[in-house]
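Colleague: Quick note, the sequences are listed as chains A and B, same order. Residues 1 to 250, numbered by the numbering used here, are exactly what the first sequence covers, in order. Residues 1 to 250, numbered by the numbering used here, are exactly what the second sequence covers, in order.
Any given hint could turn out to be false.
Since the list can't tell identical chains apart, any single copy or any two copies may satisfy a pair.
As the list claims (entries may be wrong) - Okay, derived cross-link-like pairs now, DSSO-like style, lysine-lysine, Cα gap no bigger than 30 Å in a straight line:
id	residue 1	residue 2
1	Lys-83	Lys-7
2	Lys-232	Lys-7
3	Lys-162	Lys-7
4	Lys-189	Lys-83
5	Lys-162	Lys-189
6	Lys-162	Lys-83
7	Lys-162	Lys-232
8	Lys-7	Lys-189
Read the hints as simulated data drawn from the structure, not as lab findings.
There are 2 protein chains.
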Amino acid sequence: MENNISKYHFTVEPFSEDYRGNLSWGTLGNLLLRCASLSAGTFGFGYEQVVQRRLAWVLSRLIIDVPAMPRTGEQFEIQTWVKSVYRQFTDRHYAIMRPDGTAYGHAVSTWALINIDTRQPVDLSQMPDDQLWQCIVPEREAPIAPPTRLRLQTPELLAEHKAAYTDLDINGHVNSIRYIELLLDRISKQEHAANPVTRIEMQYAAESGAGHRLQIFADRDSDDARRLYVIKRDDGTLLCRGILHRSNNG
Amino acid sequence: MENNISKYHFTVEPFSEDYRGNLSWGTLGNLLLRCASLSAGTFGFGYEQVVQRRLAWVLSRLIIDVPAMPRTGEQFEIQTWVKSVYRQFTDRHYAIMRPDGTAYGHAVSTWALINIDTRQPVDLSQMPDDQLWQCIVPEREAPIAPPTRLRLQTPELLAEHKAAYTDLDINGHVNSIRYIELLLDRISKQEHAANPVTRIEMQYAAESGAGHRLQIFADRDSDDARRLYVIKRDDGTLLCRGILHRSNNG
């Protein structure tokens, strides 16, 4: 089991924090995706390897649950492993660890492998060499509450964002973590200070690219502890749903 | 001299690139500021040290000149040193090096040290213990063309951005590199592909914070090789000027 858990060591460096000196959600989110990519590469099914077969990993769901972030200069380790593989999806789990072996928090992600040309998901049971199946760690589960089952009741348009160059990842699509930042920016600095975000749930439905106008809707009935959002393209296509959970004390 | 040059080793990691697989300007810019901060800390005048005397470093000018960026998986080293110190400003230079000892590019930055309460610059000749003066490397100069002397002739409002939570650095101000990203986003993905940005010049005039509306103006007469911008607050306060230089071949 230990050999199938990838471990990456980090320090909270200057210019990777939010204004309170906490590791920023954007930095952490991109580090989680980086570790997923590096770990997959180690086991033979990373970006460079699957793209040779015209395949690409697509993030379908991401939950990051970190009640208290590491702060400037503090060290942390991201541990990641494949928790399970289904026909069309695979779950990857993460632990964000302190040097003393306790956890800052955890994350879970769900991925599909699609054909770049047809955009259709691949049957993961047909992966060559069974690389993906051989590194599963079914017995270790990130201790994280299941996804919240809530839908927006009364959506209200909060903001628009025209996707552009710096929003794009290497696939030419708006980076998954960028959507999270667009949601975090809907909460004022004062509200972030009073009730910090402690958990983020994202469900990704479709991709967007440069020039697309993204519309960010929130549920008018969202309470302070749980804000519900959807992001759509201006042609109505659902891009993602997101929930930001916030602590009760600042 | 060697001992006064700080060196930091990096790899272009997944999710730090632009859509073409080049290290992104945003990632590089924040790494330069990180290295400046870490190096200053090593010599006793970093963020944590000066803040104890109610002082803060403020970036006044930044030129980054990188004709070809490192790409996914490639290694690079950022070398940085204090080039000179004047009464109100200090110049820090940077080299972005390949493993073979040749340079990807260079950067220069100009900093002032201000009193957090009065916002007035400190006389750098009065720095205690002469730490800043003792680590100067006057004989090594980043080989970089001097700043372009150009002013906007016919400014045209291109876009607005409301500064929010994820734009802020640890001082609570919009991160200096974020302004660069706002300018890069004014050039379309197709134009970035045809004529990549190779040099960025920024002159910072004032700070902005959460809730401020930033207005991005460009010179209508900018040519493709050299785009001129200013960013103002909607109350008219000049925040920064920027010039993006672009290559002639894609």
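Colleague: Each of the hints needs a verdict: does it hold here or not?
Modeller: How the hints compare with the structure:
1. In this assembly of identical chains, the alpha carbons of Lys-83 and Lys-7 lie at most 30 Å apart only when taken from the same copy (15 Å versus 39 Å across copies).
2. Proximity of Lys-232 and Lys-7 under a CA criterion of 30 Å is satisfied in neither setting, with 35 Å inside one chain copy and 44 Å between copies.
3. For a Cα distance limit of 30 Å, the shortest separation of Lys-162 from Lys-7 qualifies neither inside one copy, at 36 Å, nor across copies, at 38 Å.
4. In this assembly of identical chains, the alpha carbons of Lys-189 and Lys-83 never lie at most 30 Å apart, being 36 Å within a copy and 37 Å across copies at closest.
5. With identical chains, the CA atoms of Lys-162 and Lys-189 are at most 30 Å apart both within one copy (22 Å) and between copies (12 Å).
6. Proximity of Lys-162 to Lys-83 under the C-alpha cut-off of 30 Å is found in neither arrangement, the shortest distances being 36 Å within a copy and 40 Å between copies.
7. In this assembly of identical chains, the alpha carbons of Lys-162 and Lys-232 lie at most 30 Å apart whether taken from the same copy (12 Å) or from different copies (20 Å).
8. In this assembly of identical chains, Lys-7 and Lys-189 lie within 30 Å of each other by CA distance neither inside one copy nor across copies; the values are 33 Å within and 35 Å between.
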